[in-house]
Each structure stands twice: as structure tokens, then as C-alpha cells.
Amino acid sequence: MSQKKELNFEINILPILDILSVLICFLLLTAVWMQLGTIDTKQAIGDNSVSGAQNPPSLWAIVKEDNSVELSLRDVKEKMPLEYRVASRGRDIDWNSLSQRLQNLKSQLPDLKTVVIRPEARTNYGNVIRMMDQMKQNQLTDIGLSPLG
Amino acid sequence: MKRSSMNQAARFSPLEQAQLLKNGGEPIAGKKAEAALALPLTSLIDAFSIIVIYLLIGTQSGGIEIDVPKRLNLPVAESGIAVDKPQASIVRIEKGQYFVNNEAVSVQGLGAKLYQLKKSLGENEAEIFIQADQEMNYADLDPLLRAGSEAGIQKLKFAVMPNK
Chain X
6 MSQKKELNFE
16 INILPILDIL
26 SVLICFLLLT
36 AVWMQLGTID
46 TKQAIGDNSV
56 SGAQNPPSLW
66 AIVKEDNSVE
76 LSLRDVKEKM
86 PLEYRVASRG
96 RDIDWNSLSQ
106 RLQNLKSQLP
116 DLKTVVIRPE
126 ARTNYGNVIR
136 MMDQMKQNQL
146 TDIGLSPLG
Chain G
136 MKRSSMNQAA
146 RFSPLEQAQL
156 LKNGGEPIAG
166 KKAEAALALP
176 LTSLIDAFSI
186 IVIYLLIGTQ
196 SGGIEIDVPK
206 RLNLPVAESG
216 IAVDKPQASI
226 VRIEKGQYFV
236 NNEAVSVQGL
246 GAKLYQLKKS
256 LGENEAEIFI
266 QADQEMNYAD
276 LDPLLRAGSE
286 AGIQKLKFAV
296 MPNK
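Protein sequences appear in the order of chains X and G. Throughout the first sequence, residue numbering follows my numbering, covering 6 to 154 in sequence. Throughout the second sequence, residue numbering follows my numbering, covering 136 to 299 in sequence.
For the record, the hints were derived by calculation from the structure and aren't laboratory data. Remember, it's a predicted structure, so these values are computed and weren't measured experimentally. Among the hints, erroneous ones may be present.
What the hints assert, rightly or not - Okay, derived cross-link-like pairs now, BS3-like style, lysine-lysine, Cα gap no bigger than 25 Å in a straight line: (1) X:Lys47 / G:Lys230; (2) X:Lys84 / X:Lys118; (3) X:Lys84 / X:Lys47; (4) G:Lys248 / G:Lys290; (5) G:Lys254 / X:Lys69; (6) X:Lys82 / X:Lys111; (7) G:Lys290 / G:Lys230; (8) X:Lys69 / X:Lys141; (9) X:Lys111 / X:Lys84; (10) X:Lys47 / X:Lys69; (11) X:Lys141 / G:Lys248; (12) X:Lys111 / X:Lys47; (13) G:Lys205 / G:Lys253; (14) X:Lys82 / X:Lys118; (15) X:Lys141 / X:Lys47; (16) X:Lys141 / X:Lys82; (17) G:Lys253 / X:Lys69; (18) G:Lys290 / X:Lys118; (19) X:Lys118 / X:Lys141; (20) X:Lys47 / X:Lys118; (21) G:Lys254 / G:Lys230; (22) X:Lys47 / G:Lys253; (23) X:Lys141 / G:Lys230; (24) G:Lys254 / X:Lys141.
To be verified - To list a few chain G residues with every Cβ distance to chain X over 12 Å, as calculated: (25) Ile228; (26) Glu238; (27) Lys290.
Said to hold, decoys possible - Computed footprint of chain G on chain X, listed as stretches where at least three residues anywhere in the stretch have a Cβ under 8 Å from a Cβ of chain G: (28) 14-28; (29) 125-132; (30) 136-147.
Using N, Cα and C, we set each Cβ at its ideal position, and we do this for glycine too.
Please model the entire structure based on the sequences and the hints provided.
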């Protein structure tokens, strides 16, 4: 007596598993885990003042080799001190004082957005970047970097 | 032979029942029902699919792949934004030597090289992506700024490690 054979409709999932395993290994090996960031600036060479044109208020930050920072305000209408100095702290820039000073300036001059950073030859590059970072954190978004004078 | 009650309970556990492959339909008369153990592969495939999708979306689409030499300690910054412009020319500074897109360039030739790049990229798209060690002196960056200025490239992007 012949018996009716039942069809097996099950999909063979072992090859799918193989493919998925290979894909996972490939993606793990080629994945870019370390995401780089960037700090964007512009060149700050030359004088952009045109006769008759009104320049926005700007802050110039000179980073000295002894890690002190001299801040000077330009094109400011308000009557206020235009020169500030942040002394170094040990062999590093006094980041807390600098941040405090920038916050004060920003609260006094909400329109202040432009900063020109002028480091000296032996100024540490990491400190320059950190300074730009602090400026950005204090909503000073238009940052220019000046070459050596 | 008398079976213990423990064996009986284990035989009818729901987990084991889920792993049993039955031979389809009613048992054939006169034949002993065969049972085989099988892994629950469907849930495994689900998990694998989710991992593949996560890896595809999470690690491939965001940012661009840029090789940074391990000897280069990039500065750390909190306000750094993700790299999104693959057309930027990568300039690396290592111990006073300049590499434009991995090609060593002398200080004197930097301006001409950047000008070539600017012409090939277009006026508005030209920008420099600078990779340099955080312990470097600013004097080493200065020739690059001047060369960029000579070439008419205004936008500078400094590579940083995001601070967590």
C-alpha cells in the first residue's frame, strides 16, 4: 500500500545564518568606530575694514608663550575696559579664569561673535585648539586664526 | 522499566517541546514517533538581522573614514562637529613635515599644491582638513596658514577628538 508523502515546506535557514554571520564579521572589522570631529575656522589675514563700513565688535586673543592670554576688544561702542589679561596657571593657561572672562564679556556684549586668535611661535597647538573650543562654547562662533606676525 | 517522575517532567517541559522537531502530522501506525533536538534558529536569525542593520546604519553612514596615524595625538574638543565633507584636502603635519593627501610636500611647495587642489575642487568648496599633534608648536602650523592664504583657501577645519 502506497503512502502519501508529505511535502516539507520548511526553508533551509542555515545558509541565511551563514551569510548573516559573515556579514556581521565583515561589518565589525570594517566599522569606523572612532568618529573624528572638526573645529572650523577662517583665515584671519589682512585688515577687512573698508572706509565707511562698520565692523562688528570683535575680540582679539593673543596667546603668549608663557601661556598667559591677552584679550582686547575692538569696534565696541559701549564704554568699558577694552584690555584684559588672563595670567597663566603654572605651565598651562588658566582655563577657568579665561572661561569666566569670556562669559562676562559675552553677557556684557551679546553681539560679540567674532574672535581672532593670535598665538605666538612657541604656543602649544593643543592650547590653541582648546581656546577655540572655549570660544565656541561661549557662543563666539566666528573664529579666525592669525598667522605669526 | 519504570521511569522516574523527574524524567517524565523533563520530557514534557515547554522549552523542550519548542525544540522538538516532529515528523509532520500523525504518527505512522507501527512506527515509533521520532523526535530530534533542534536549535530555535528563527530567533537567532532575528537577532543577527538586527545586529547587521545596526552595524550598517550606525557605523557606515555617519561621518567619513579618515586614517589618522596612531603616533598623532589629536587635540580634544567638546564643541567639535562631525566630519561631513569628504572633498576637503587632508593636510597632515608630522614633526615639521607636511603631507597633502598623504603626499609629502615641502614648505616651499605648499602654496602651489594647495592652489592646484583649490582649482580641482572649485572656488567655494576648497577647504583644508588639518591633522596635527597636540604637542606641536604653532610655528609649525604657520606655513600652512600662509600657504592656504596664498592659494586663496579661507576655510580651515582642525581635526579633533570628541571629548566624552
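Verification of the hints:
1. At most 25 Å may separate the alpha-carbon atoms for a hinted pair to count; Lys47 of chain X and Lys230 of chain G meet this at roughly 24 Å.
2. Between Lys84 of chain X and Lys118 of chain X the alpha-carbon distance is near 18 Å, which keeps this suggested pair within the 25 Å criterion.
3. Using a Cα cut-off of 25 Å, the hinted pair Lys84 of chain X and Lys47 of chain X is violated, with the two alpha carbons roughly 29 Å apart.
4. Only pairs whose Cα atoms come within 25 Å are accepted, and Lys248 of chain G paired with Lys290 of chain G is accepted, the gap being roughly 16 Å.
5. Taken as a hint, the Lys254 of chain G and Lys69 of chain X pair is broken in the structure, with Cα atoms around 36 Å apart against an allowance of 25 Å.
6. Restraint check for Lys82 of chain X and Lys111 of chain X: the C-alpha separation of about 14 Å stays at or below 25 Å, so the hint holds.
7. Our distance criterion of 25 Å between C-alpha atoms is met by Lys290 of chain G and Lys230 of chain G, whose separation comes to about 23 Å.
8. The hinted pair formed by Lys69 of chain X and Lys141 of chain X meets the criterion: a straight-line CA distance of about 20 Å does not exceed 25 Å.
9. For the hint linking Lys111 of chain X to Lys84 of chain X, the alpha-carbon distance of about 15 Å falls within 25 Å, and the restraint holds.
10. Between the alpha carbons of Lys47 of chain X and Lys69 of chain X the distance comes to roughly 21 Å, so the proposed pair stays at or under 25 Å and holds.
11. Taking the CA atoms of Lys141 of chain X and Lys248 of chain G, the gap is about 31 Å. The hint is violated against a cut of 25 Å.
12. Restraint check for Lys111 of chain X and Lys47 of chain X: satisfied, since their Cα atoms lie roughly 21 Å apart, inside the 25 Å limit.
13. A hinted pair counts as satisfied when its Cα atoms are at most 25 Å apart, and Lys205 of chain G with Lys253 of chain G does not qualify at roughly 28 Å.
14. With a CA separation close to 15 Å, the supplied pair Lys82 of chain X and Lys118 of chain X stays within the 25 Å bound.
15. A distance of roughly 13 Å separates the Cα atoms of Lys141 of chain X and Lys47 of chain X; the hinted pair therefore holds under the 25 Å criterion.
16. Taking the CA atoms of Lys141 of chain X and Lys82 of chain X, the gap is about 23 Å. The hint holds against a cut of 25 Å.
17. Distance hint between Lys253 of chain G and Lys69 of chain X is unfulfilled; the C-alpha atoms sit about 33 Å from each other, more than 25 Å.
18. Distance hint between Lys290 of chain G and Lys118 of chain X is fulfilled; the C-alpha atoms sit about 17 Å from each other, no more than 25 Å.
19. Proposed proximity of Lys118 of chain X and Lys141 of chain X is supported: the alpha carbons are some 9 Å apart, at most 25 Å.
20. At roughly 13 Å between alpha-carbon atoms, Lys47 of chain X and Lys118 of chain X fall within 25 Å of each other, so this suggested pair holds.
21. For the suggested pair Lys254 of chain G and Lys230 of chain G, the alpha carbons sit about 28 Å apart, so the restraint of at most 25 Å is broken.
22. Restraint check: the Cα-Cα separation between Lys47 of chain X and Lys253 of chain G comes to about 15 Å, which is no more than 25 Å; the hinted pair holds.
23. For the hint pairing Lys141 of chain X with Lys230 of chain G, the CA-to-CA distance comes to about 28 Å; that exceeds 25 Å, so the pair is violated.
24. Of the pairs offered as hints, the one joining Lys254 of chain G and Lys141 of chain X is violated, with about 31 Å between alpha carbons and a cut-off of 25 Å exceeded.
25. For Ile228 of chain G, the shortest C-beta to C-beta distance to chain X comes to about 9 Å, within the 12 Å cut-off, and the non-interface label is violated.
26. The claim that Glu238 of chain G is not at the interface with chain X holds, since no C-beta of that chain comes within 12 Å of its own (minimum 20 Å).
27. Residue placement check: Lys290 of chain G does not keep its beta carbon more than 12 Å from all beta carbons of chain X (closest about 6 Å).
28. Requiring three or more residues with a Cβ within less than 8 Å of a Cβ of chain G, the coverage given for the stretch 14-28 of chain X holds, as 7 such residues are present.
29. Counting residues of the stretch 125-132 of chain X whose beta-carbon sits less than 8 Å from any beta-carbon of chain G gives 7, enough to reach three: the coverage restraint holds.
30. For the stretch 136-147 of chain X, the stated coverage by chain G holds: 4 residues have a C-beta nearer than 8 Å to a C-beta of that chain, and at least 3 were required.
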